Structures are given as structure tokens and as C-alpha cells.
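K.L.:
If you want the building blocks of each chain, they are given just below.
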Amino acid sequence: MLREMDRKGTANGLAASLLLLAAIYFGSGQLRHFDPALIAYTSATVFAVFGIVYRYSVWLQRPPTEMYWRRGWQFFLRPAQLPKNLLMLARLFWNTIFLQTFIKRRSHLRWAAHLLLSWGTIAACMVTFPLVFGWIHFEADPQDPAAYQAFAFGFHAGTFPAESPIGWFTFHILDFCAVAVIVGMALAMRRRVSDPGATSVQQFSMDFVPIILLFSVSVTGLMLTASVTWMEGHNYSFLALLHAFSVIITLLYLPFGKFFHIFQRPANLGVRFYKEEALRTEQAACARCGVAFASRLQIEDLKTVEEQLGMSWQYADGTHYQDICPTCRRKMLGANQLEAIGGPGYL
Amino acid sequence: MNSVFILDPARCIGCQACVHACGECGTHRGVSMIHLECMDRATTVQTTPQVCMHCENPTCAQVCPADAIKQTPDGVVQSSLKPRCIGCQNCVLACPFGVPKYDAGPDQMQKCDMCYDRTSVGKRPMCATVCPSEALYFGSMEEWRDRRQGTPVNTFRFGGQTVKTKVYTVMPARSERIDIRLTDIAGVKR
Ligand code: SF4
Ligand code: SF4
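These protein sequence lines are chains W and R, in that order. Numbered by the numbering used here, the letters in the first sequence go through residues 1 to 347 in order. Numbered by the numbering used here, the letters in the second sequence go through residues 348 to 537 in order.
In case anyone wonders, no lab produced these hints; they're calculated from the structure. On a predicted model such as this, the values are computed, not experimentally measured, just so you know. Take these hints with a grain of salt, some might be off.
[Stated by the list, open to error] Below, computed lysine-lysine pairings styled on BS3-like, alpha-carbon distance capped at 30 Å:
hint, chain 1, residue 1, chain 2, residue 2
1, R, K429, W, K303
2, R, K470, W, K303
3, W, K275, R, K417
4, W, K258, R, K429
5, W, K303, R, K448
6, R, K429, W, K8
7, R, K470, W, K275
8, W, K104, R, K448
9, R, K513, W, K303
10, W, K104, R, K513
11, R, K448, W, K275
12, W, K104, R, K417
13, W, K275, R, K429
14, R, K511, W, K303
[As the list claims (entries may be wrong)] Derived contacts from chain W toward chain R, CB cut-off under 7 Å, selection only:
hint, residue
15, V46
16, V201
17, A267
18, Q314
Glycine residues also receive a C-beta, built at the ideal position from the N, C-alpha and C atoms.
Produce the complete structure using the sequences and hints provided.
P.N.:
Encoded structure:
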């Protein structure tokens with residue numbers, strides 16, 4: 001199996017994991033603020049980073065992906081366009097990643113579900129990872145035992161009273177995230193079981209496993225809070241084990257299943273810059289009907305990619321089928337059949 | 348799935364029943380995926396329907412940078428996976444039959460998936476269910492052979508490229524392959 005692994009992917013994956021380990025070591029004050037009880041979480045995260053970077057690197061080596069990756073950066077970094085591109089990037093980030101408006105255009109229900117699931121999860125990750133890695137930690141204020149001091153990378157970042165709205169909010173932020181995820185999950189699940197279109201194409205491993213994983217992480221997390229708040233810590237260690245188990249499985253699943261789209265999908269931003277360039281430059285006219293149908297840039301890039309994939313759409317007279325527009329292509333099947341049977345009328 | 352899909356464009360009467368039925372499909376409600384083209388309005392009334400041919404080695408999937416187009420175990424090429432498709436339109440431009448559609452709103456590709464909600468449970472696709480002239484046929488090969496003439500063919504040649512598809516096209520007897528020539532559509536009128 002080791003021999004089948006992609007070398008570039010393995011090298012990049014290992015480099016990223018080592019970088020994370022170094023960041024944990026130095027970020028936690030040479031492990032002074034790292035809690036050894038969290039070693040299982042940390043190991044799972046390091047593995048997940050390896051897997052994600054490995055898969056991303058392998059994915060980038062596919063000819064069409066490599067082409068867009070290269071072109072996307074090329075057009076984005078072009079000096080004359082850079083200031084405009086940065087503005088556009090900010091706008092795209094706000095619309096497509098923060099507000100996810102493209103999902104709203106499909107359905108409001110899906111949009112609400114995805115917003116709750118994605119932001120619930122992302123916010124929870126932004127809180128837990130720095131805590132687990134020892135990048136952020138809290139200490140009781142030596143001057144005032146009722147107050148907490150927060151430290152980020154060893155630097156004092158603020159003090160707040162434990163019994164205050166801010167303290168309450170800080171210590172319950174993961175509960176809010178869990179509630180958001182559970183509500184989002186319920187909405188997503190409703191669609192998955194009732195929509196005939198969704199039920200016919202969904203797969204257990206691709207579409208249900210992620211929902212079940214997020215659900216178990218959120219519910220066991222909430223149970224921990226419930227145990228501390230209302231049950232005097234009843235069953236706490238068992239619940240903590242259950243929670244750790246579900247989080248670790250989720251981390252290990254990250255590179256393989258549906259969650260990989262979190263890392264892959266932002267490639268859409270690169271495509272936007274490609275499309276901008278395509279609009280600015282020459283358009284390609286169909287070799288049959290003469291109507292402009294796409295950018296010359298994309299048509300030529302497609303020809304390159306097709307050649308890399310071992311395809312040959314060229315005719316003996318030099319015409320390339322890639323120069324034929326989709327409308328003419330749709331007529332070709334009918335036209336050739338008619339020609340074969342000698343014109344209109346049927347067999 | 349023992350049924351086969353057989354396309355016979357010459358039988359198309361341009362009634363648009365397939366276009367409207369397609370929009371009722373559960374996997375892409377309200378949006379029709381089938382294409383119905385007028386061959387050449389100035390010279391002929393001939394129309395031709397185009398469904399996804401469900402290629403064995405789909406070009407659309409090969410040129411997709413996001414790995415968003417997957418095949419079911421029974422060879423049906425699915426519409427783009429929503430979380431993956433990055434809306435680049437490579438598939439739209441590279442499909443030899445001009446099938447995938449790009450929707451700018453959600454920034455996604457969508458295409459005919461042979462009504463997978465229906466065909467996966469033994470029903471006929473919407474278009475073939477309503478087509479009055481059997482330009483779109485879905486059923487057993489035996490039944491088709493009992494009633495119809497010609498040979499269903501599913502190998503195509505575009506320049507140097509051979510494409511094999513799940514969906515058949517009716518050709519004269521003993522044909523083995525359709526060599527797609529960039530034929531002049533106006534020239535087919537008699
Ligand atoms: S006909 Fe076009 S869309 Fe359908 S499988 Fe083949 S390449 Fe893909
Ligand atoms: S439009 Fe979507 S499905 Fe089509 S090639 Fe691009 S990413 Fe793939």
C-alpha cells in the first residue's frame with residue numbers, strides 16, 4: 001500500500017503535519033500549556049492534516065485541476081489587476097463563503113441548514129483547536145480569584161470575571177455551536193428523508209455519515225454541559241470518553257468523505273478570476289455556425305487538458321471538435337442519423 | 348436495470364412533451380434538462396432531442412477539475428455533486444453531445460441523470476414515458492426489435508476519438524458505429 005501512495009502527496013502531507021506539530025510545540029510555550037490528556041485529539045488532528053493535504057495534492061495533479069490552479073493564481077496575482085482582484089476576493093469571500101448566497105438561490109431551507117451546520121462547526125473548530133493545542137489557555141487571576149485571565153500564545157490577552165455575561169458566554173460558546181449544528185442537522189435530515197430527488201441519489205457513507213457524526217459530537221458535547229450544570233458531574237468521565245470518541249472519528253473522516261468539500265470548494269474563487277479574464281479576452285466562434293460561444297482561453301485550455309488526458313478530437317481536415325459549440329454538437333447526432341437514413345422519415 | 352434507452356431523432360415531431368415532462372423529474376424539479384433543437388429553421392421542420400448519452404468513460408467527468416461528476420454502478424452518469432461543482436463549465440463545453448447545462452444562479456452544472464429516482468426503481472424516464480413517437484424509447488431490447496427496424500448503435504467516432512455510450516441511437520441495419528461528421532444540416536433536406 002505504501003508503494004501505491006503518491007510521492008508528492010505524501011511529502012506535502014508530512015510537511016504540513018510537521019509544521020502543525022512545530023506550531024503546537026512553540027505555540028504552547030514548549031508544551032507548558034499543552035494538556036497531555038488531549039493527546040488523542042491532537043494525534044487525530046495531525047492525522048487529519050496529513051490526509052487532507054495528501055488528498056488535496058493528489059487532486060491538484062489531475063490535468064483539469066492543475067490547469068485551473070495554475071491559471072487561477074496567474075490571473076489573480078497579475079500586478080496590474082492585483083488591487084482590483086483583492087477587492088473582488090473580499091467581496092467573493094463575503095458572498096460565497098460567509099453568506100453562502102449561491103445556496104440560497106437553490107432553496108432557502110438548504111441555505112439555512114448549511115449556514116447553521118457550517119458556521120456552527122467552523123466556530124466550534126476556531127475555539128477548540130487553539131485550546132487543544134495550548135495556543136489559548138485560561139488561568140485564575142492571582143489578584144482576584146473570581147476572575148479569569150486569558151492567554152494567547154503565552155501573551156496576556158485579557159481578564160474577565162467568571163460570573164459575568166462575558167464569562168458565561170465564553171464558557172458556553174461551544175454549546176451555542178452545538179445547538180446551531182443540531183438545528184441545521186434536523187433541517188438537512190428532513191430534506192434527506194422526504195425529498196424524492198435526494199433520496200434516489202444519496203448514499204449512506206457520503207450523505208448520512210457526516211450528519212450522524214456532527215450530531216453525535218454536538219449531542220455528547222451538550223450532555224457534558226448538562227452533566228456539570230444540572231447533574232453534579234454525574235457520568236462525566238463516561239460522557240467525556242464518548243465525546244472524545246465521536247470527535248476523533250469525525251477528525252479521521254475529514255480527508256475521506258463529504259467534509260473534504262470544505263477544502264476543495266474554495267477553488268470556486270479561482271474559477272471566478274478565470275471567468276473574469278475570459279470575459280476580458282477574445283471569444284471563440286463556433287467552427288460550424290460562427291456564433292461566439294465561449295472564451296478562446298477556455299477552449300484552448302480544454303484542448304491542452306484533453307490532450308493530456310489522451311483524447312484526440314481532431315478530424316483529418318484539421319478541424320478540432322472542441323471548436324464546435326454545444327448547440328451544434330446537439331444537432332450532430334440527429335444530422336448524422338438523418339444523413340445515414342437518407343433524410344427525414346424514419347426506419 | 349434490464350431496460351435500454353434508444354434514441355431515434357428522425358422520429359422526433361418537435362411536440363415538446365419531453366421538455367415539459369423532464370421538468371417534473373424529482374431530481375431537478377422545475378428545470379428541464381432535455382434539449383430539443385430545431386435542426387435548421389430556414390430549411391426544415393426537423394427537430395432533434397438530446398438526452399445525456401451516459402458515456403462509458405464520460406468526457407464530462409474527465410475534464411471536471413472538481414471531480415464532481417460520478418457514475419452509478421449501473422453506468423448512469425450523475426448530475427454534478429452539489430458540494431463539489433465549482434461552476435467552471437468545462438463539462439458544458441467538452442461533452443461531445445452538448446448535454447450539461449450551467450445555471451449561473453447557484454453557480455452549478457446540472458444535467459440529465461436518466462431520471463435516476465425513477466429508473467433506479469424500474470420506472471421509465473419522464474421523457475420516454477411521454478414521447479408519442481418513440482423518438483425516445485425506454486424498455487426491453489427484445490420488444491424494440493419485435494416492433495422496429497434498424498440497428499441500435501452505441502459507438503461513436505468524433506475525429507480521432509471513440510465514445511461508447513449506454514444510450515443507443517437507431518441507425519440503418521448492420522451499422523456498427525456512427526462516425527459523427529460535421530455535416531451541413533441544411534443538406535439533409537430532400
Ligand atoms: S453525454 Fe455528455 S454529459 Fe452525458 S455522460 Fe457523456 S460526456 Fe457526460
Ligand atoms: S461545471 Fe462543475 S461539474 Fe462541470 S466541469 Fe466544472 S466543476 Fe465539474
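K.L.:
Does each hint fit the structure? Answer for all of them.
P.N.:
Verification of the supplied hints:
At roughly 26 Å between alpha-carbon atoms, R:K429 and W:K303 fall within 30 Å of each other, so this suggested pair holds. With a C-alpha separation of about 39 Å, the suggested pair R:K470 and W:K303 falls outside the 30 Å cut-off, and the hint is violated. For the hint linking W:K275 to R:K417, the alpha-carbon distance of about 25 Å falls within 30 Å, and the restraint holds. Between W:K258 and R:K429 the CA atoms are separated by roughly 11 Å; this keeps the pair inside 30 Å, and the hint holds.
Taken as a hint, the W:K303 and R:K448 pair is honoured in the structure, with Cα atoms around 20 Å apart against an allowance of 30 Å. With a CA separation close to 28 Å, the supplied pair R:K429 and W:K8 stays within the 30 Å bound. Between R:K470 and W:K275 the CA atoms are separated by roughly 40 Å; this puts the pair beyond 30 Å, and the hint is violated. Between W:K104 and R:K448 the alpha-carbon distance is near 19 Å, which keeps this suggested pair within the 30 Å criterion.
Distance restraint check for R:K513 and W:K303: the Cα-Cα separation of roughly 25 Å lies within the 30 Å cut-off, and the hinted pair is therefore satisfied. Under the criterion of a C-alpha separation no larger than 30 Å, the hint pairing W:K104 with R:K513 is inconsistent with the structure, at around 35 Å. Between R:K448 and W:K275 the CA atoms are separated by roughly 17 Å; this keeps the pair inside 30 Å, and the hint holds. For a cut-off of 30 Å, the pair hint linking W:K104 to R:K417 stands: about 24 Å separates their Cα positions.
The straight-line distance between the Cα atoms of W:K275 and R:K429 is roughly 20 Å, inside the 30 Å bound, and the hint therefore holds. The straight-line distance between the Cα atoms of R:K511 and W:K303 is roughly 20 Å, inside the 30 Å bound, and the hint therefore holds. Hint on W:V46 is violated. Least Cβ distance to chain R is approximately 25 Å, over the 7 Å limit. Checking W:V201 against chain R: minimum C-beta separation of about 6 Å stays under 7 Å; hint holds.
The criterion of a C-beta within 7 Å of any C-beta in chain R is met by W:A267, whose closest approach is roughly 5 Å, and the hint holds. Interface restraint check: W:Q314 against chain R, minimum CB-CB distance 5 Å, threshold 7 Å, status holds.
Checked against the numbered hints given earlier, this structure breaks hints 2, 7, 10, 15; the rest are met.
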